[in-house]
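Engineer: According to the numbering used here, the residues represented by the sequence shown are 381 to 610, in order.
Some hints here could point you the wrong way.
[To be verified] The calculated label-pair distances, taken between Cβ atoms and stated as ranges, are:
#1 478 to 409: 21 to 27 Å
#2 566 to 447: 39 to 45 Å
#3 577 to 601: 35 to 41 Å
#4 596 to 537: 23 to 29 Å
#5 407 to 498: 31 to 37 Å
Keep in mind the hints are simulated off the structure, nothing from the lab.
Ideal Cβ positions, reconstructed from N, Cα and C, are used throughout, including at glycine.
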Amino acid sequence: MEAIVLAGGFGTRLQKVVHDVPKPMAPVADKPFLSYLLDQLDRQGCAHAVLAVGYKREAIQDFFGSGYKGISLSYSIEDKPLLTGGALKKALQMVTEEAVLVLNGDTFFGVDFSKMMDFHYQTHSDATLAVKELHDFSRYGTVHFDDDYRITRFVEKKACQEGFINGGVYVLNRTLLGDISQDKFMMEKDFLEKYVDSKVFSAFPCDGYFIDIGIPEDYEKANKEFRKLV
């Protein structure tokens with residue numbers, strides 16, 4: 381199993397409480413948030429992870445080096461911001477498996493990676509998204525899919541009583557972005573939404589623990605909950 385962790389964001393919304401390190405290095409319950417993602421990957425048998433880094437990347441490289449527990453680490457470096465799609469496109473050149481896990485560096489989602497990978501192959505998908513059902517929310521857009529779990533559309537964020545959100549964990553075919561000509565683009569807006577009708581994108585519902593530390597309120601929530609839950 382190989383993985384890519386998107387760890388190059390600026391963390392603009394979090395900078396008033398975490399301003400001296402990149403967002404994935406934000407301390408949560410006394411250790412960097414990225415450690416929890418790598419622990420999760422290590423527990424589930426990941427052998428190689430590519431960390432897609434940019435902003436203040438030295439903090440990540442100096443802390444983790446070339447390996448973490450049973451995982452060998454490589455670094456895909458953004459010399460200028462490439463956004464999520466561009467960062468993924470570059471990092472995918474550093475993996476060898478037919479399909480690869482992708483994690484957002486500011487989100488933890490309790491997903492069974494092996495089951496998700498099996499589902500991806502069984503459904504012959506180009507991309508599989510782990511989705512989480514939420515109630516009474518407005519911070520996230522929603523993912524809509526049919527009875528066969530084929531994603532049919534993405535809806536912009538708005539107040540929702542209930543719906544499935546993109547949980548920030550993907551399985552992607554390694555060659556998925558090879559035909560995209562631009563080097564800087566958003567994965568969600570410029571690729572997933574654009575190609576939802578022409579490629580096979582599948583939803584993998586999961587009810588595991590989910591948190592996104594991208595705003596101060598949820599960052600504080602993570603600090604309280606991770607001591608008990610992770």
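Engineer: Return holds or violated for the Cβ distance of residue 566 and residue 447 against the range 39 to 45 Å.
Structural biologist: Cβ of residue 566 to Cβ of residue 447: about 31 Å, so the range 39 to 45 Å is violated.
Engineer: Is it true that residue 407 and residue 498 lie within 31 to 37 Å of each other by Cβ?
Structural biologist: 35 Å Cβ-Cβ, so the 31 to 37 Å window holds.
Engineer: Look at the Cβ atoms of residue 577 and residue 601 and judge whether their distance stays inside 35 to 41 Å.
Structural biologist: 37 Å, holds
Engineer: Note whether the CB distance of residue 596 and residue 537 lies within 23 to 29 Å or breaks it.
Structural biologist: Cβ of residue 596 to Cβ of residue 537: about 18 Å, so the range 23 to 29 Å is violated.
Engineer: Should the hint that residue 478 and residue 409 are 21 to 27 Å apart at their CB atoms be regarded as holding?
Structural biologist: Given range 21 to 27 Å: violated, Cβ gap about 36 Å.
The structure fails hints 1, 2 and 4 (numbered hints given earlier, in ascending order).
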